[in-house]
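Enquirer: With chain A held as given, fit chain B onto it using these hints.
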Amino acid sequence: MKLPIFLDNHSTTPMDPRVLETMLPYFVEKFGNAASRNHAFGWAAEEAVESARKQIAKLIKADPKEIIFTSGATESDNLAIKGVLEMYKEKGDHIITSSTEHRAVLDTVKSLEGKGKATATYLPVDKFGMVSPEDVRNAITEKTILISNMLANNEIGTINPVKEIGKIAKEKGILFHCDATQGVGKIPVDVQEMGIDLMSFSAHKIYGPKGVGALYVRKKNPRVRIASQMDGGGHERGMRSGTLPVPLIVGFGKACELCELEMAKDATRLIAMRDRLEASIMKVLEESYLNGHPINRLPGNLNISFAYVEGESLLMGMKDIALSSGSACTSATLEPSYVLRALGVGTELAHSSIRFGLGRFNTDDEIDYTIKKVIEIVTKLREMSPLYEMAKEGVDLKSVQWAAH
Amino acid sequence: MAYSDKVVDHFNNPRNMGSFKKDEDGVGTGMVGAPECGDVMKLQIKVQNDTIVDAKFKTFGCGSAIASSSLATEWLKGKTIEEAQKIKNTDIVQELNLPPVKIHCSVLAEDAIKAALADYQKKSDGALTDVK
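Listed in order, the protein sequences are those of chains A and B. Going letter by letter, the first sequence gives residues 1 to 405 in my numbering. Going letter by letter, the second sequence gives residues 406 to 537 in my numbering.
Think of the hints as simulated: they come from the structure by calculation, not from any bench. Among the clues, some could well be false.
To be verified - Derived Cβ-Cβ restraints for the label pairs, each shown as a range:
id	chain 1	residue 1	chain 2	residue 2	range
1	B	D530	A	K283	45 to 55 Å
2	B	Q490	A	D396	27 to 37 Å
3	A	A403	B	K482	21 to 31 Å
4	B	D410	A	S241	43 to 53 Å
5	A	A264	B	Q499	25 to 35 Å
6	A	A403	B	E479	18 to 28 Å
7	B	A407	A	K2	16 to 26 Å
8	A	L3	B	D410	48 to 58 Å
9	B	D410	A	K172	55 to 65 Å
10	A	Y122	B	T456	40 to 50 Å
Stated by the list, open to error - Only part of the chain A face toward chain B is listed, based on derived beta-carbon distances under 7 Å:
id	residue
11	F41
12	E312
13	S313
14	M316
15	D320
16	T347
17	E348
18	H351
19	L387
20	A391
21	S399
Fair warning: this is a prediction, and the values are worked out from it, not measured in the lab. Beta carbons: idealized from backbone N, C-alpha and C, even for Gly.
Next comes chain A alone, as it looks inside the complex (with noise of 0.2 Å):
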């Protein structure tokens, strides 16, 4: 086993060498330009780009016609909201999501918000993470356009009812886009099922480059439309102008393919592992709390809070394992995680928390290593935490009156 461990995986993922090795002769040797319609290694850059197309959009049960190529899932989500919102704004300007969306979706939509371009509504979540579709039903206006919420959340791995909120912006004939950055390749995604118009993706949360992603537009049923944000060539429909990074879309291609191969037998090895990691700890450490949905979360994620003792801390005790934590230490913000605190879990136990990542290069071993080194030290910071002692002498924190600052 190799020190330090990666277990940091929502964040972003090493690449498979499987994909590494279809990348590589599309850098020196067929460097042409998809674009380049007269000759043959603009053809060869165009085939590949094509083929990779199609890999793409079978993962998720789409038209390759479909698939618009992008630098990664946070200009997928602002090219969908900003295009759809321009495109339609004849319609109406209201936008349904939720209080614990990626910031790529919430920013996006908060800023169209300060520029008088659009109203929202941000739907709470439940105390797992999970939006309700009748809320989303509810929130629907004569004026909403567009209903965006991600299919499985980046911090505590909770699955939404995509399908009932699909079904719900169908019947109402509103437009419904899917942050699925998180879910693609690691559960299984189909656009039609799920009643998905526009779905953001990226291609370094699978085992692919980093530097490319795309957001499916559907073609039929309804068309959708969007205004492209960057004016040029016109490539992918006139959607999103640019030349298209071919080795990197040719990667991207391989890490599809091989998702949907894999995504089974990952996905057993991950939970039995993540499961195993989730009792191990919580057996042991008392007071400690899982965040996000028991069930209905992804396969590789595993969020605790361990009472008593301040994330940023844990994450130094734990320094040759890759982690990451919602405590307001780790953030420019100095405020803890937007989304542990929709969640209704309390500030304090918001800055305990510990996000563990497991993708499909982690072993047994690893996380037999990370599980007594979790012991070790949440046991050892507790030990020099005066809240873990007052608690111990039986005093309620919460009658304490604390000096704020």
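Expert: Same frame as chain A, now just chain B:
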């Protein structure tokens, strides 16, 4: 964020971690911060003849908060009450090489020192009154 070697050292080998009994003679206790803010420091001093003979801390917080309080206990030992009053958060920032986002940890440590000293003084004033 990269931590300075000194922060890492204090975090891995905290000095004077623990507690005195609050009602013990000569003990002053300062507790500052709040769980919602992500840091709470408890700092205790034990005073004999106006000199701090021992100090202990317990901290809930990030590595820099733990290091700041650990360092504070090291500095307090052997100082007179008057000398202890002069410890400034900027001294801690400098010693631990804290980045700007972690300055509040040093402020908290200074507050904890002040609170422990005040508690000791309140208790000893009370004791004197009792004798009278």
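Enquirer: Let me know if the C-beta of H351(A) comes in closer than 7 Å to any C-beta of chain B, holds or violated.
Expert: Holds, because the Cβ-Cβ distance from H351(A) to chain B comes to roughly 4 Å (cut-off 7 Å).
Enquirer: Using the beta carbons of D530(B) and K283(A), state whether their distance is inside 45 to 55 Å or not.
Expert: 50 Å, holds
Enquirer: Would you check whether E348(A) satisfies its interface hint, that is, whether its CB is within less than 7 Å of any CB in chain B?
Expert: 4 Å, holds
Enquirer: Take the C-beta atom of A403(A) and the C-beta atom of K482(B), compute their distance, and say whether it sits inside 21 to 31 Å.
Expert: The hint (21 to 31 Å, Cβ to Cβ) holds, given that A403(A) and K482(B) are roughly 25 Å apart.
Enquirer: Taking the beta carbons of L3(A) and D410(B), is their distance inside 48 to 58 Å?
Expert: Given about 20 Å between the Cβ atoms, the range is violated.
Enquirer: Would you check whether E312(A) satisfies its interface hint, that is, whether its CB is within less than 7 Å of any CB in chain B?
Expert: Hint holds; E312(A) Cβ to chain B Cβ min 4 Å, cut 7 Å.
Enquirer: Report holds or violated for the interface hint on F41(A), using the least CB-CB distance to chain B and a cut-off of 7 Å.
Expert: With a closest approach of 45 Å, the F41(A) hint is violated.
Enquirer: Tell me if D320(A) is really an interface residue toward chain B, meaning its C-beta lies closer than 7 Å to one of theirs.
Expert: Status violated, d = 13 Å.
Enquirer: Was the hint right that M316(A) lines chain B, CB cutoff 7 Å?
Expert: 4 Å, holds
Enquirer: Mind checking the hinted window 18 to 28 Å against the Cβ distance between A403(A) and E479(B)?
Expert: Given a distance of about 24 Å, which is inside 18 to 28 Å, the answer is holds.
Enquirer: For the hint on L387(A), just tell me whether its beta-carbon gets within less than 7 Å of chain B.
Expert: It holds, given that the least Cβ distance between L387(A) and chain B is near 5 Å, below 7 Å.
Enquirer: Range first: 43 to 53 Å. Now tell me if the beta carbons of D410(B) and S241(A) are that far apart.
Expert: 49 Å, holds
Hint compliance for this structure: hints 5, 8, 10, 11, 15, 20 and 21 are not met, and every other hint is.
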